[in-house]
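Modelling step: build the complete structure from the supplied sequences, incorporating the hints.
For the record, the sequence lines run as chains A and B.
Position in the first sequence (from 1) plus 248 gives the number in our numbering.
Position in the second sequence (from 1) plus 32 gives the number in our numbering.
Treat the hints as calculated values from the structure; they're not laboratory data.
Source: prediction; values computed, not measured.
Careful: at least some of the hints might be erroneous.
Only some residues are given here: those of chain A computed to face chain B with a beta carbon under 8 Å [unchecked claim]: (1) R268; (2) V456; (3) R461; (4) A462; (5) G464; (6) A465; (7) S468; (8) D543.
Chain B is nowhere near these chain A residues, computed Cβ spacing over 12 Å in every case [said to hold, decoys possible]: (9) L278; (10) R349; (11) E396; (12) A417; (13) A437; (14) L475; (15) G511.
From the derived model, a few chain A residues whose C-beta atoms are all more than 12 Å from chain B [what the hints assert, rightly or not]: (16) Q298; (17) R309; (18) G318; (19) S331; (20) E375; (21) H383; (22) E410; (23) V413; (24) V433; (25) L440; (26) A501; (27) G502; (28) D503; (29) R538.
Glycine residues also receive a C-beta, built at the ideal position from the N, C-alpha and C atoms.
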Amino acid sequence: MPRERGRLTMATLLRAGIRRSRWRSAAGALVSLIAAGTLFSALMLFSGMQTALDASLSKLRAELLLTQRGGAAAAAQLLTTGSAPPLEPTIPVADWERRMREGGVVGVVAVEGLDLSEGGAGAPAAERASVLLVHLEQWATPAFAVAEIELLIPEAEVVVAEQTVRQVARQLEPILRYLFIGAGVAMLATVLLTGLITSVRVAERRTVLGMMRAMGASQSFLLRLTLAESGLLSIGGALLGVVAGLFLMLLLAGDTLTHVPQGEWLRYGVGSLVATVAMALLATLGPAIRAARMDPLEAARRGR
Amino acid sequence: MIQLEGVAKRYQAGGQVVEALAEYTGTVEDGEFVVVTGRSGAGKSTFLSLIGGLIRPDSGRVLIDGQDIWQLSDAERSLMRCRTTGFVFQFASLIPTLTVAENVMLPTAFLPAGEAPPKQRALELLEQVGLAGYGDRMPWQLSGGQQKRVAVARALLNRPRILLADEPTADLDEQTEQELMALFQSLNRDGMTIVMVTHSAELASLGSRHLILSGGRVQSAP
Chain A
249 MPRERGRLTM ATLLRAGIRR SRWRSAAGAL VSLIAAGTLF SALMLFSGMQ TALDASLSKL
309 RAELLLTQRG GAAAAAQLLT TGSAPPLEPT IPVADWERRM REGGVVGVVA VEGLDLSEGG
369 AGAPAAERAS VLLVHLEQWA TPAFAVAEIE LLIPEAEVVV AEQTVRQVAR QLEPILRYLF
429 IGAGVAMLAT VLLTGLITSV RVAERRTVLG MMRAMGASQS FLLRLTLAES GLLSIGGALL
489 GVVAGLFLML LLAGDTLTHV PQGEWLRYGV GSLVATVAMA LLATLGPAIR AARMDPLEAA
549 RRGR
Chain B
33 MIQLEGVAKR YQAGGQVVEA LAEYTGTVED GEFVVVTGRS GAGKSTFLSL IGGLIRPDSG
93 RVLIDGQDIW QLSDAERSLM RCRTTGFVFQ FASLIPTLTV AENVMLPTAF LPAGEAPPKQ
153 RALELLEQVG LAGYGDRMPW QLSGGQQKRV AVARALLNRP RILLADEPTA DLDEQTEQEL
213 MALFQSLNRD GMTIVMVTHS AELASLGSRH LILSGGRVQS AP
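Spelled out as structure tokens, the structure:
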């Protein structure tokens with residue numbers, strides 16, 4: 249116990265300072281909580297959506313998806329999320345494949361049937377399929393193939409993979425933009441509010457800080473004390489923010505989060521925490537320097 | 033020994049330059065009890081801050097035991113202040129979330145680990161200022177006079193040779209004021225150098241020397 253040995257440690261002073269103005273300490277931590285939570289959520293959602301799209305594309309490796317009329321939405325969902333709602337297997341695989349071959353659709357490499365009667369990622373289907381995956385040569389132009397298929401198989405609906413993904417990405421863009429704007433605003437608010445809260449905390453403890461200076465605290469000690477106090481509150485708040493953001497995202501967009509690679513979770517969590525704490529420390533620097541440079545006797549009098 | 037050589041300090045106030053201390057040269061010998069009086073705004077606190085190395089003079093030198101304190105780095109000057117000088121403020125300025133004993137031990141936070149006196153020293157000082165058994169209480173459980181005595185114990189923790197007091201009797205009732213002055217005189221008899229700033233002319237007679245500050249100039253009282 250450092251106290252029993254007779255020396256007061258900085259940890260004791262930090263605890264005393266945080267306990268002294270509990271509400272302002274809580275407000276400081278709350279600001280970091282919101283900032284870190286928003287940033288973490290935005291990063292996770294962005295990463296999840298990107299990875300989900302990439303994964304679906306690379307998993308299907310098909311440039312075109314063919315369905316019966318009314319099945320395009322399910323095919324698009326399969327494409328963008330890797331999972332589709334149940335869809336009846338009504339496509340005669342051999343017949344459609346023959347019509348494409350005999351019609352001479354340019355650039356077709358292979359055709360695969362997929363049974364989505366159970367929904368989800370589906371199972372290979374040889375006779376009756378819910379979706380037909382059409383693989384094209386690299387040089388082939390999907391638009392030409394689509395035009396030919398629509399002539400040869402009028403009952404088919406054609407979904408162009410790249411087009412659909414681009415469309416989904418376009419739809420997601422404003423959501424992600426707002427999310428990142430929210431994160432930016434939260435970070436800015438962190439700087440402003442943390443600076444304001446620290447200024448108030450320093451002002452209300454002007455007397456004590458001045459007294460410490462007179463007792464022998466160096467400027468660097470007071471600077472470290474003020475920064476450490478804000479840093480501790482910010483770390484605590486940001487940690488809770490990351491955890492809260494994670495739970496919120498799991499609740500609201502759990503499917504999307506499952507696509508975020510394992511290592512990225514930690515990277516985004518640590519990144520959000522470090523960015524938030526760095527912002528809070530940056531905002532604390534000004535008031536901390538003022539605290540370290542104050543004239544103790546003047547501070548003692550004005551503090552009253 | 034504290035020496036001030038041509039020390040001057042000016043302030044900007046309302047667009048005007050105010051001379052808080054004008055080219056003062058003087059010495060406070062070891063074991064002296066110097067009382068500095070003057071009207072409000074005469075520069076008494078500035079004088080004390082200059083002696084304690086809390087503010088930098090515009091010109092001149094402040095020497096403690098022959099060492100020009102402004103030749104030292106802030107860390108060295110702060111450590112020197114922690115080892116040699118105790119401060120008593122107009123207000124007790126105790127930390128409300130620390131116990132009374134922890135408040136007394138506050139200066140140990142600024143000392144190197146090996147130099148910190150044991151907790152027993154804080155308890156002995158509390159006993160010396162008439163607050164035996166109060167160590168575990170919180171500051172808000174004490175009266176204003178008791179809090180001031182805790183502040184005195186805190187100033188004495190590191191066994192300083194110099195005690196600087198800024199209006200230490202302000203806000204105190206007559207009896208507590210007398211007790212505090214008796215304690216100061218006792219400390220002075222034991223060899224401690226004391227420089228006390230006060231607006232009370234009555235307390236001036238308690239010191240071994242009386243300085244009067246007026247318009248930035250220091251005069252010795254007859």
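Here is what the structure says about each hint:
1. Proximity of A:R268 to chain B holds as hinted, the smallest CB-CB distance being about 5 Å (cut-off 8 Å).
2. Contact between A:V456 and chain B, as hinted, is supported at the beta carbon level, the nearest pair being about 6 Å apart and thus within 8 Å.
3. Hint on A:R461 holds. Least Cβ distance to chain B is approximately 7 Å, under the 8 Å limit.
4. Taking 8 Å as the C-beta cut-off, the interface hint given for A:A462 holds, the closest approach to chain B being about 4 Å.
5. The beta carbon of A:G464 comes within 2 Å of a beta carbon in chain B, closer than 8 Å, and the hint placing it at the interface holds.
6. Proximity of A:A465 to chain B holds as hinted, the smallest CB-CB distance being about 5 Å (cut-off 8 Å).
7. Proximity of A:S468 to chain B holds as hinted, the smallest CB-CB distance being about 6 Å (cut-off 8 Å).
8. Checking A:D543 against chain B: minimum C-beta separation of about 6 Å stays under 8 Å; hint holds.
9. Annotated as non-interface, A:L278 keeps its C-beta farther than 12 Å from every C-beta of chain B; the closest such distance is 21 Å.
10. The beta carbon of A:R349 is kept farther than 12 Å from every beta carbon of chain B, the shortest such distance being approximately 83 Å.
11. Every Cβ of chain B is farther than 12 Å from the Cβ of A:E396; the closest lies at roughly 80 Å, confirming the non-interface assignment.
12. With a minimum CB-CB distance of about 54 Å to chain B, A:A417 clears the 12 Å threshold, and the non-interface call stands.
13. Every Cβ of chain B is farther than 12 Å from the Cβ of A:A437; the closest lies at roughly 28 Å, confirming the non-interface assignment.
14. Against chain B, the non-interface label of A:L475 holds: every CB pair exceeds 12 Å, the least being about 16 Å.
15. Its beta-carbon lying about 41 Å from the closest one in chain B, A:G511 satisfies the requirement of being farther than 12 Å from that chain.
16. Residue-level check passed: A:Q298 sits 48 Å from the nearest beta carbon of chain B, beyond 12 Å.
17. With a least CB separation of 65 Å from chain B, A:R309 remains clear of the 12 Å interface cut-off, as annotated.
18. Interface exclusion of A:G318 from chain B stands, the closest Cβ pair being 69 Å apart, more than 12 Å.
19. Every C-beta of chain B lies more than 12 Å from that of A:S331, the closest at about 55 Å, which supports listing it as non-interface.
20. For A:E375, the shortest C-beta to C-beta distance to chain B comes to about 78 Å, beyond the 12 Å cut-off, and the non-interface label holds.
21. The Cβ of A:H383 sits about 71 Å from the closest Cβ of chain B, beyond the 12 Å cut-off, so the non-interface label holds.
22. The beta carbon of A:E410 is kept farther than 12 Å from every beta carbon of chain B, the shortest such distance being approximately 63 Å.
23. With a cut of 12 Å on Cβ distances, A:V413 stays outside the contact zone with chain B, its closest approach being about 58 Å.
24. No Cβ of chain B approaches the Cβ of A:V433 within 12 Å, the least distance being about 34 Å, so the stated non-interface status holds.
25. With a least beta-carbon separation of about 27 Å from chain B, A:L440 lies farther than 12 Å from that chain, consistent with its non-interface assignment.
26. With a closest Cβ-Cβ approach of about 42 Å to chain B, A:A501 is found to remain outside the 12 Å limit, as its non-interface label requires.
27. Under the 12 Å C-beta cut-off, the non-interface status given to A:G502 relative to chain B holds; the minimum distance is some 43 Å.
28. At the 12 Å boundary, the C-beta of A:D503 stays outside the reach of chain B, the nearest C-beta of that chain being 48 Å off.
29. A cut-off of 12 Å between C-beta atoms confirms that A:R538 is not in contact with chain B; the least separation is 15 Å.
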